[in-house]
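Participant: My request is simple: use the sequences and hints to build the entire structure.
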Amino acid sequence: MATTTAPAKRRTRARDTTVFLKFLMATTGIVFIGYVLLHMYGNLKVFAGQEAFDSYAHHLRTFGEPILPYGGMLWIIRIVLVASILGHLYAAFTLWSRANGARSQRYAVKKAAKATLGSRTMRWGGVAILVFVVWHLIHFTIVKPAINADVSASAIAESPFTMMVASFQLWWMVAIYLLAMIALGLHLSHGTFSAQQTLGWTQTARGYQRARTIGYVVAAVVVVGFALPPLAILFGIVG
Amino acid sequence: MKLTLKIWRQDGPNAKGDFVTYQVDDILPDMSFLEMLDVLNERLIAEGTEPIAFDSDCREGICGMCGLMISGYAHGPKQTTTCQLHMRSFSDGETITIEPWRADPFPVIRDLVVDRSAFDRIIASGGFISVNTGSAPEAHAAPVPKENADRAFVAAECIGCGACVAACPNASAMLFTAAKVTHLGELPQGQPERYSRVVSMLNQHDAEGFGGCTNIGECSAACPKGIPQDVISTLNADLRHALRTGR
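Going down the list, the protein sequences come from chains A and B. Using my numbering, the first residue of the first sequence is number 1, and each one after it goes up by one. Using my numbering, the first residue of the second sequence is number 1, and each one after it goes up by one.
Among the hints, erroneous ones may be present.
Taking lysine-lysine pairs in the DSS-like style, the calculated list, with each CA pair at most 27 Å apart, reads [said to hold, decoys possible]:
no., chain 1, residue 1, chain 2, residue 2
1, B, K6, B, K78
2, B, K78, A, K111
3, A, K144, B, K6
4, A, K111, B, K2
5, B, K2, A, K114
6, B, K6, A, K110
7, A, K114, B, K78
8, A, K110, B, K225
9, B, K78, B, K146
10, B, K2, B, K78
11, A, K110, B, K146
12, A, K111, B, K146
Derived from the structure by calculation, the hints contain no laboratory data.
Facilitator: What follows is the structure in structure tokens.
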């Protein structure tokens, strides 16, 4: 029987696939998990008092001196974070629009059998976290507005501890941050697991379950660790 | 049993479809879901109207031909194929919505029938091994460790029904593709093409227009063969290896 010769195929590459975009999403996500845990550790220094917190904040700028200039380490971290957010957003929005295009006719009735609140809210929850991060940078880094009428802008500029305490003495500010932490916790509960699965670390049933557990533990640690300082300030335990 | 059925009717690939409501009242709990549709179709034919088009073949749960979205679940509320789903899984007087698989790479042909050729093209792009034909090789020539054989069997259970795509919020065919990649990748015969296979199959998967995987797990929950999520992890690991080795 005559066989036909298959036509030459267009060259396929691993980096052209959607899974490559997921690698980008997972690795940048792991950068954020690491950063968020360090940030949380720094925040908890508030329980050590004003002097310890302020000297910690100052030390972040002198870290690596004299090899690095003043604030050098902070700028390295910022550049890594900006690069990561760009990668994370690019992968997220590309895959989001792909997913929308893959089912243009929706189901009249569709029920979820396995999806969790965390996995269902990844996309809009991620957008919410992005909006929060913009506010958070304005609030504590770029503008540092004196929102609490009892504390002057110059006192805020002088001491990071004062800035933090002044903000979280306001109940609605605590509410905004707690809400953001719930969004972050949901995002991390699925994202931490998902990153491990995407990187191929969950090839056994046990490994899969372990990754799920790590996801929930990371989310819980981050939410509690970040929620403690504002709550302690609001209830007058600190400050 | 009396049931109200809201069934998607569509005359052809380019026709505009809509739901039509039917009442059926002579349904036995021991009928399969497809037999229930057969009963309705017999009546429609007797009434001189067009019967509802749906796919089925073996009706034993092994061929992967049947597949309907039943009240929001792929293959219905039980984790099985539509043909192995029985009417006792529903309650008397219930309203059941029946839709075809919804995914742009699975275009509707008519009513509840979709074209799943996209799966065939994914298989053709890499779901094979290259061996010389001839007499069967000596079975002990290529030893396979038990764990690898077991896992290959789990993945090989995939019948290509498309429930994973239907249930996935992203209409991704990652579970299907990963099952094939794992099935062949666990065996010695699959090793020579292991990493080029994952690259070509994923490229074909994406070219067909399926969405990306977000590890939600709806696919495994809908899979009548219960293929686990960890096969997708294996596909991901294989693609990482392909990247590192410049494929």
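Participant: None of the hints should be skipped; say for each whether it holds.
Facilitator: Structure-based check of each hint:
Restraint check: the Cα-Cα separation between K6 (chain B) and K78 (chain B) comes to about 19 Å, which is no more than 27 Å; the hinted pair holds. Distance hint between K78 (chain B) and K111 (chain A) is fulfilled; the C-alpha atoms sit about 13 Å from each other, no more than 27 Å. Distance hint between K144 (chain A) and K6 (chain B) is unfulfilled; the C-alpha atoms sit about 58 Å from each other, more than 27 Å. For the suggested pair K111 (chain A) and K2 (chain B), the alpha carbons sit about 23 Å apart, so the restraint of at most 27 Å is met.
For the suggested pair K2 (chain B) and K114 (chain A), the alpha carbons sit about 30 Å apart, so the restraint of at most 27 Å is broken. Annotation: proposed proximity of K6 (chain B) to K110 (chain A) holds, straight-line Cα distance about 14 Å (limit 27 Å). Distance check on the hinted pair: K114 (chain A) and K78 (chain B) sit about 13 Å apart at the alpha-carbon level, within 27 Å; holds. Distance check on the hinted pair: K110 (chain A) and K225 (chain B) sit about 21 Å apart at the alpha-carbon level, within 27 Å; holds.
Between K78 (chain B) and K146 (chain B), the direct Cα distance comes to roughly 31 Å. Violation of the 27 Å bound is thereby established for this hinted pair. Taking the CA atoms of K2 (chain B) and K78 (chain B), the gap is about 20 Å. The hint holds against a cut of 27 Å. With a CA separation close to 39 Å, the supplied pair K110 (chain A) and K146 (chain B) exceeds the 27 Å bound. Proposed proximity of K111 (chain A) and K146 (chain B) is contradicted: the alpha carbons are some 38 Å apart, above 27 Å.
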